[in-house]
Each structure stands twice: as C-alpha cells, then as structure tokens.
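*Asks:* What follows is the residue order along each chain.
Number of protein chains: 2
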Amino acid sequence: MRKPIADWYASRNDRGSAIIARQDPVVYEGGNYADAVEESQIAAYERDGFLLLEDIFSDAETQVLLDEVKRMSADSSIVSMEESITEPGSNEVRSIFRVHELSDMLGNLARDPRLINVARQILGSEVYMHQSRANMKPGFKGKEFYWHSDFETWHVEDGMPRMRALSCSVLLSDNNACNGPLMLVPSSHQQFVSCQGQTPDDHYKKSLKKQEYGVPDPLSLQLLVEQGGIKPMMAKAGSVVFFDCNTMHGSNGNISPWPRANVFMVYNSTENALGAPMHGLKPRPEHIAARRDFSALVPQEAPLALA
Amino acid sequence: MRKPIADWYASRNDRGSAIIARQDPVVYEGGNYADAVEESQIAAYERDGFLLLEDIFSDAETQVLLDEVKRMSADSSIVSMEESITEPGSNEVRSIFRVHELSDMLGNLARDPRLINVARQILGSEVYMHQSRANMKPGFKGKEFYWHSDFETWHVEDGMPRMRALSCSVLLSDNNACNGPLMLVPSSHQQFVSCQGQTPDDHYKKSLKKQEYGVPDPLSLQLLVEQGGIKPMMAKAGSVVFFDCNTMHGSNGNISPWPRANVFMVYNSTENALGAPMHGLKPRPEHIAARRDFSALVPQEAPLALA
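Those protein sequence lines, which keep their order, are chains W and B.
According to my numbering, the first sequence is numbered sequentially starting from 1.
According to my numbering, the second sequence is numbered sequentially starting from 1.
Just so you know, nobody snuck in bad clues.
Okay, derived cross-link-like pairs now, DSSO-like style, lysine-lysine, Cα gap no bigger than 27 Å in a straight line:
id	chain 1	residue 1	chain 2	residue 2
1	B	K231	W	K231
2	W	K143	W	K236
3	B	K143	W	K141
4	W	K236	B	K236
5	W	K143	W	K231
6	B	K143	B	K70
7	W	K231	W	K141
8	W	K70	W	K141
9	W	K236	B	K231
10	B	K231	W	K143
11	B	K141	B	K70
12	B	K236	W	K231
13	W	K231	B	K141
It should be emphasised that the hints constitute simulated quantities derived from the structure, not laboratory data.
The following block holds chain W by itself, in its conformation from the complex:
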C-alpha cells in the first residue's frame, strides 16, 4: 500500500524527524488570479506564511455570525452529530465541522468575496472547501493546541498532494494576550517538518481532542522559532487571518473568563484534489476531509449583507 514513487513530504514513516525544504510555490500565478488584496499584502503572505486583515467584518456582521455559531452549538440535532466535538471532560462544544454545509449563512460566508477571492488570488486557481468548522475555546478551561503544520496531517492522513491550500480564520471574539490567541511561526511555511511515528486508523477521533501523531519534534520547533519568532494573532473580532497550509501554528490554553470563537475554513486548489492517504490509512470522514466533490465554490458577486 506504500506509494510507488518517492514522496517529497514523507512523514511518520519511522525515518526519524527531519526538516525538508518546501518544493511548492506559496503564491501561485504571480498572485494575479484575483484582485482581493494588494501586491504588498501578497508579498507579506509569501514571506511570512500568513496575512492578518483587520476589520474585515463589521461589528454587526460579527455579532450575527457569532449568534449563528452559538445557535448551532445549542442545537441538539447538531451537537449529537459526528461533526460536533466536545471539550475533554465536558459536554461543552469545542468545534463543529462542515459548518458551510450545516448553515446557509456560513455557506454564504464561504463564498463571500472578502474570503474566497483572497484564497483564489493566492492559490492561483479556483478553490473548493477541504474542511470548515466553527471553533469555540471556552473561558477558564480552554485547552492548548500544540504546534503543528496542517499540511503534514492533510498530506499523510488525507492524501493532499501538494502545498496549495490555505486556512482562513474569521475571528468572532477579541483575541488578546490572555485568552490563548492563535500563534504562528513566521516563515515556517518554507520548511516541512517530517514527524516521527506511525498513525493508527481512526486517529482523527482522538487527534481533535489531543494530538499524539504528526507532532513536530522540539529541536525542529526551536530552530523554526529561532529563525522566525512567534506572532500571536492579537486582533479584534471581525478580523481575518489567512495562513498557508504548512505554517507552523498552535495556541496556549485559556484560563481567562474570555472565550474565543472563530469560523475556520480551508480552501484547497481544485488542482490539488485529494488522493489516497499515505501508509494505507483509510480516508478520514467527509466532514474532516472532503473528497466527495472537488468542484469549485462559486464566489458571490458582492460582499454579503450579513446584518
């Protein structure tokens, strides 16, 4: 079941940890496929592996989106679905997956030009939704999320061939130094950290609560941080963070009373559709890694009037 040809981004194959240079562009087609952000912003994204856009959604829009996420978190027909993940040791909803299909409003958000056209511009092609979710990090007892590259997981567990995907996090609450903001390692997207260890089937059920596989080694992390530092995404609700699929990121826990919420969407290029997972793993469920339909999401004509 091993792939017959050499896999540049091989990981979890017991060869030990390694840092491997990225082989793929960060920005495709010169950043000219769409016209959502400035050339200087594209250049910053290419250099850093992320771009923070502040004040993209108005207070009223942000409130409407937050209300929608809260409504869904309290809807027992949604909470009982496989798509809903609860905090370890409680029934509090931590994430709901596939929100762009479970909610009309969030489906529209996925096609809002303020988001999807940034993705199209950077990835240089049409895009589809690889994964979407709403995250709620509760106050007082929000757990940490350890460092990881999403691409490492998507490549190994979902068979995503190349680095031509990005994540976008729409902040629905203020993120500050005290409530466990997303932390990104600038420039880390230029290097792939191959991880040790093998992956059991059904790993995803646990990995969403606590990671044990695909965990970068401390020495590689230390090196990446020495080179690039760490940028905590401290920004107001209504801001949006775009980051490359291979940018190393994580977040500390949150003992503050301030919860954190966001809607998180992963746009993948239609040129980068999933293949078979590595190491003979069986595919993860549709809500974690879409593979039923790789056709392009059609952008809305204009920004949505959400409120």
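Take the given structure of chain W and dock chain B to it, following the hints.
*Replies:* Only chain B this time, still in chain W's reference frame:
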C-alpha cells in the same frame, strides 16, 4: 479546633462561595516607612494591587541570577530535597523553595534594598520572608496555573492573620504574550473570594502541581475581571513585579520554546506573624510557610553588586 472568634476571611468552610470586602489597608503607614519608590507608584499599587518596575536588574545581574537558579536545578543534592518540585509527568524542576536560605546569592537578593525596601515601604513595618522560591516554567509543555489569591491559601492553610504581605517576582527571562506570563486582575485585591470545599491534610504536596482547593468560583472571577480586566506582565528580564497577597492571579500554559524563570519572594510584615492554620489543619512545612523565626530581615546598605 475551630477558631473561637469570627474570622472575617473565612474560606473553605462549606458556606458556599462569597465575595467579601477587604478589611485591611493595602498600603500601611501612609507608604512612608521607607523611601524606595515614588508616591505615585505607591498610589498605583494601592489602586491596582500590583506594581511593575522595569529594568531593575541589569542584564549582567539577571544572567548571574539565572545561572545560579540553573546551577541549583542541576544540583542533585538540591533536586532530591523536599524543597524541589518537578513538572507533572517529568523530572524537570519546576520550583525550588527556600532559595533565600539554600543560596547565599539569593539570600543577599532577599535583602537587596531594591526589593526589601519596596516591601517595607508598602507594608509599613519590618518584614520577614514567608516563602521564597525559584520558578522555572519550561518551554513546550509549561502547565497553566489557575486563578488564585495567595492570601486565601496563606490564611486558611498557614494561619496568616491579615492582608499585610506581598509577593515580588524577579523576572529572569523575557515574558511575552506567547510564553504564559503572569496575569493579574487589577483591583481584585480589594475583594476576598471565599472558596468552597474543605482541605485535606498534606494538600500542599499536590497543590503545588495541581490545585483542587482554594479555587475561586467562575462567577466571582467573571465579576472581578469585568471590573478590573486582566493585565499580563509582559516585560523584559530584570523587571520586578510586586503584588498584594490578595491580588487574583494565574498564568496560562506555555507551548512556546521559550522557558520562563523567576525568583519569587513573599515578604510578610513582622506584625502579621502566622498563627494556627484554620479548620484544625496541621501546619505546612517550613519551606512553604516559615514559622520558625519571624524576626526581621535586615536590608543591605546598598544594591548588591551581583555581577
């Protein structure tokens, strides 16, 4: 074994949670007992319950202090002592207690006028060392420290009668938004949060790793934070944080590669010597709560040449 007279700051007596107004001054003797900081700084301390003094120790001094703490953490004769606390699930030293007696250098630090005279000025009397320790919060896996008032514990478990003590944390590494800095709730020192539940004997052995008793309820915390917010002590190595014994504080975990280290000293007024613990608890060990000798620490004549 219960105290015969009413205890204003009763806690863990099964009457449920309560917020009780502070009965004691914050600054004693008008802040005129010594002359270490400005009147405006004393006023800020009185209002907020803490004072951050930046650049108190030079880079060279900070390095010498950090080297001393590292030396102690690697000294097996010290690591094997009851005074040394390790991280849950590892042998890495997290704290060493009674450092002002285990190290000549840190003993001198305790009597450095830049520290002890601030304590004398605020507490309006001579002071002795209630507790001292060096804290090392490792990178990658530093654990959170949940919200608490030190006084709640010192009152219940150590029999400290009144709020006439303060802590001082000498930062030996840079503290930023990413490595789990000390977080303080401004003005929280004016209110005492009485906690639920009883306290088993030998609680301290576990409480230094994970708290279960003396934990403030979420509603009280929410209220204190709505009133005062949260201030993370983001400051360079060599800075010093002074905070009142009843200021609510805690810290998030630390997944960054950057460890945090500090020397933490608790000055108590010689007018506030310990009595018997509450609820018939047996006294905690000397290195957690000094009760062998309440005589005043004598300030050094001048700042120490540490390096």
